[in-house]
Amino acid sequence: MSEPMTAGADGGIAAIAEAPLQGMITLRGDLSDDTIRAAVKSATGQKVPERGMINTADGVGVCWMSPDELLILCAHGDVPDKLHQLQESLSRVHALAVNVSDARAGFILSGPHARDVLAKLCPVDLAPDRFAFGQLRRTRLAQVPAAFWMLGEDRFHLICFRSQKQYVSDVLTVSAQPGSAVNVWSKTISGT
Amino acid sequence: MSTRLATGGRLLNKGQPLQFTFNGKRLRGFEGDTLASALLANDEMLVGRSFKYHRPRGIVASGAEEPNGLVNLGDEGTFEPNQRVTTTELFEGLTAQSQNHWPSLDFDIGAINTHLSRFLPAGFYYKMFIHPRPLWKHVYEPFIRQSAGLGRAPKARDADTYEHFHFFCDVMVIGGGVAGLQAAKTAALTGAKVLLVEQSAHWGGRGPVDGGTVDGKPVDNFVDEIVAELDAMPNVTLRKRLMGAGVYDHGYVLGYEQLRDHAPETPGPRHRLWRIRAGHIVTATGAIERPLSFAGNDIPGVMLASAVRDYVANYGVSAGDRTVVVTNNDDAYLTAFALVNAGLRVPAILDARVLAEDSAAMAEAKALGIRVMMGHGIAKVAGGKRVTGVGICSQAGEGAVLEEIACDAVAMSGGWSPVVHLWSHCGGKLVWDEAQAHFRPDVDKAPTGAAGEAFATPAGAAAGEMRLADVLTSADQAGKAAAKAVGFKPTRVKPPVGETPEEAPMQPVWLMPQGAGPALRGKAWLDYQNDVKVSDVQLAAQEGFESVEHAKRYTTLGMATDQGKLSNINGLATLAGSLGSSIPEVGTTTFRPPYTPISMGAIAGEARGEVFQPIRRTPMHDWHAANGAEWEPVGHWRRPYAYVRAGESTHDAVMRETKNTREHLGLLDASTLGKLIVKGPDAGRFLDMLYTNMMSTLKPGKCRYGLMCSENGFLMDDGVVARIDEDTFLCHTTTGGAERIHQHMEEWLQTEWWDWQVYVANVTEQYAQVAVVGPNARTALEKLGGMDISKEALGFMEWADGELAGFKVRVYRISFSGELSYEIAVDAGQGQAFWDALMVVGHDLGVMPYGTEALHILRAEKGFIMIGDETDGTVIPQDLGLQWAISKKKDDYLGKRAQERSHMTDPERWKLVGLETLSGAVLPDGAYAVGEGANANGQRTMIGRVTSSYHSPNLGKGIAMGLVLHGPDRMGEVLEFPGTEGATYKARIVNPVFYDRDGEKADV
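Residue numbers (the working numbering), protein chains in the order written: chain A, 1 to 192; chain B, 10001 to 11004.
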């Protein structure tokens, strides 16, 4: 992987940093199937999440991506083993597991106005009571596909396609420019 | 003259004087001024020239409806034309220039048009410039273009930034006047999430100026209190300087927030376009006062009565020392009172109505010593660039002047029209209110959502409720209705009670005096900005433009930047009068967003400069850039076209790369090719349907080139398919095809073959893929070491997993060049390191990277087709001699039936051949071959066209492919291809495989 990039102008309304390497496996299958659910649990220690949710701890977990697709998160170096383990345990069911770790780039977006930055680019309700820890959203970020979830209050993990890393970094930087806080989520920051 | 008063000005901070310039003149205003109030304070009443006649134009309004006060604002990177002075907040150092005048605002040559107005009637352009036809292009249009437009177009790059913002709420209230505030509060009390937006910098709308009491307190106090209450509620978002610009389907609203227009020194974006999803919308957009149509109503100094009192109350500015008020209603009396209370003179109130007894307002006026003249109006206004007096007439008569009154301002009021724009944008209907002579929202015909439910409710003056008490009641009801509509339970809190003095009914006046003759009608303006007069609309009606939409376009009424906010109703009434029909029968024109013009920057948002378009970069992008790559856009990807060395032309580089690849070793970054994993028990069956070939018979470890057609039989993509295991295939697509073909597969799986067990995953970006091409390719890989890539171990069209120089790789032995060639996939994160390793081992083997143009030449030398060159959406595989790739054993595949239709099997279809110029020159790409005779349109008969054409350095001549009528049957024939600039190329039809026809080079 190339050198981690940090983006965002001085005085920007949120900090933008490239996320550390993250192992990712796309798993497609019938999410109600017991074999698949057991395989996911065994590979990640987490249950298959409900629609729009992510179950994760310390960078290992599982994201709901669509009615028949999950994204398994693990350490980048663990992917071959996890993939092998999944393929073994799923050999008797119709399922597809592939490594997509290098197909993606990731960013950590943080700060009290991180929500503002995302809401400028994504057609998502980012009000704190509508998007919270535990949720995952696949969406459009300006002109490209992206997904994000929360790592904690005011901290987002965002993934996009690798080829669009520079664009996403640039567009996050533009949207986090100094003086561009929207001040809409918190009355204490806002004032009118 | 207009001037600043010693006292008054509730919005001013007189402790903060500001300097600004207008047409180069240095002027002073205060913090809190609009540019309009500051100009008036400096006696700059004349602010522009009208569009057609270049008539002097003064400020007429005090808000968004202003038609005249448009200026060029700022300069260089912050220059913007057509900025309304009434909504532009004054800031230190503001610079403004008036528009549409030459050589100066005061003395304008174009004003001659006003004397020619007899010759410039409605529809003048249509009538005049239609004949003779050729003159339009060469004479008329250039002339009209020069005189068109009000402001100048910006020349410098916009120095500011812009952004979008997505927001969601249960109830959105548009308009922060008394009605909007109350509706927001009522809705918020139910617990709904409420967004309240106000286009100006102040809450309360007209309330504080127009007076009255709420629960016994002045309106000012009510506004302060309710704003504080709302601000304290966690479920309410309040935004000023944010205009509800447009209402669209399903409660989608565009909001236009002006962040720095009033404070350009602050950092951040200038405008923010809010993209709002609202559960329910309350339109509390207020009302706009109508002008009266009398001769000379456009002379600077004639203003709306409400604007005159706004300037006094809000900004401590008087429009004139002596102001004549002319009205058809009681509301305008407030203006007379405000003026008199400010110590100014009101020589007369001309009231067109004849009432049996004085209204309360009339009585009050008389008590203040103001002369009230019932049944009277203005015959004409005296003055040129400024009002000097009015001639008074009887409203019932034809305009005989009874008396002349000297004055320097006229405050007119023709009644009030609700702002129904936002209600109407998405289909809300209107009803004609006879008593108030205006259109107001028809609450039974609201804009509707997906389930047919109303998603908007009007409130206050925007609903046609003009009295403070009714405004508050209506707002409360709207707030409750909105909350209820989104599932909240309204509370039983009583709304506050508003009180204002009793008013007598207004009487509609569409022309003053009602019997005005042609001379007066020709000077009675309806649309100030576009110069449309009562006489123009009447002429349009007379000439048969009876539909309001036609009359609008014919006369240009309401088509200026103000979109007829002042002129529409008066124009409709005039049209109705001319047609002898009623106003509701004539109807209104369509209200379209935005409410007032919004900046192009706000619409573009962040998408400019570096992030105008997402550029896709391969893992080796930076290396390419550092090594002279000239880029070719392929989809959103950037691929190296060629790596140009110092002192070398692009063409030289392409020739060098092409030759070197055939003679030594070339590296191509093939990472952009699409890679789709197709897996499942039905994967083979699925691919048999998608490709024209048989894929299910492919053995694991083998590759096969496949063609993919649309249902209509046309070739849409091609690529090499590798069978990974019994259940799994990897399908390569073209660079531009990855997402499209992925979607194509999902569509068939989800809609047609939903019961087939197949999953698809797009893994294009997981891999960096490098084509290692040329006679030294195997040696290079052997030097990397780690796996057996001998001819025996890895034959042509086979693949293997393994390791090369410690990299985990998948090696495909496939060739798009005709050379010995391997395409090697590594994890994208390893792509650059692997490329570097190849460059190192290739050093002694003559390695050079090559770009897409060399790739094209190499494949053309071999007669390989390229999707997008040989295909254009109308070409089928059979046209390209690809029958060998179409399975005859299969019952079906996508496109099979279509390819059996008569047009597709027609022997007259043009077929692929090679073309060689007799001179060795390069045929122009896309050139047509001409045959004998002409077609039905008298054009030369076409018998073929060039689809690919290059200079081949390996063959030392121009080579081309083309589609030619009966082409394969005409080998050796010479065709003529007319080129550009008179040249004609002669080319011989040859076999499309120019190089190594037996495929010996790849099979080593």
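Worth double-checking, as some hints may not be accurate.
To be verified - Covered stretches of chain B, going by a simulated chain A footprint (3 or more residues, C-beta under 8 Å):
(1) 10617–10631
(2) 10764–10773
(3) 10932–10944
Said to hold, decoys possible - Only pairs whose alpha carbons sit at most 16 Å apart, straight line, appear in this in silico EDC-like list of lysine to aspartate or glutamate:
(4) Lys165/A to Glu10229/B
(5) Lys10025/B to Glu10092/B
(6) Lys10702/B to Glu10792/B
(7) Lys47/A to Asp68/A
(8) Lys10659/B to Asp10996/B
(9) Lys10808/B to Glu10792/B
(10) Lys10155/B to Glu10092/B
(11) Lys165/A to Glu10610/B
(12) Lys10808/B to Asp81/A
Honestly, the hints are just simulated from the structure, not real lab data. Each residue gets a CB set at the ideal place from its N, CA and C atoms; glycine is no exception.
Against the structure, the hints:
1. 10617–10631: holds (count 4)
2. 10764–10773: holds (count 4)
3. 10932–10944: violated (count 0)
4. Lys165/A to Glu10229/B: 45 Å, violated
5. Lys10025/B to Glu10092/B: 14 Å, holds
6. Lys10702/B to Glu10792/B: Distance of about 14 Å is within 16 Å: holds.
7. Lys47/A to Asp68/A: Satisfied, since the Cα-Cα distance of roughly 15 Å is no more than 16 Å.
8. Lys10659/B to Asp10996/B: Holds, at roughly 14 Å.
9. Lys10808/B to Glu10792/B: 21 Å, violated
10. Lys10155/B to Glu10092/B: Between Lys10155/B and Glu10092/B the Cα gap is close to 24 Å, so the pair fails against 16 Å, i.e. violated.
11. Lys165/A to Glu10610/B: 13 Å, holds
12. Lys10808/B to Asp81/A: Answer holds: Lys10808/B to Asp81/A is near 15 Å, not above 16 Å.
Taken one by one, the earlier hints fail for this structure at numbers 3, 4, 9, 10, listed in ascending order.
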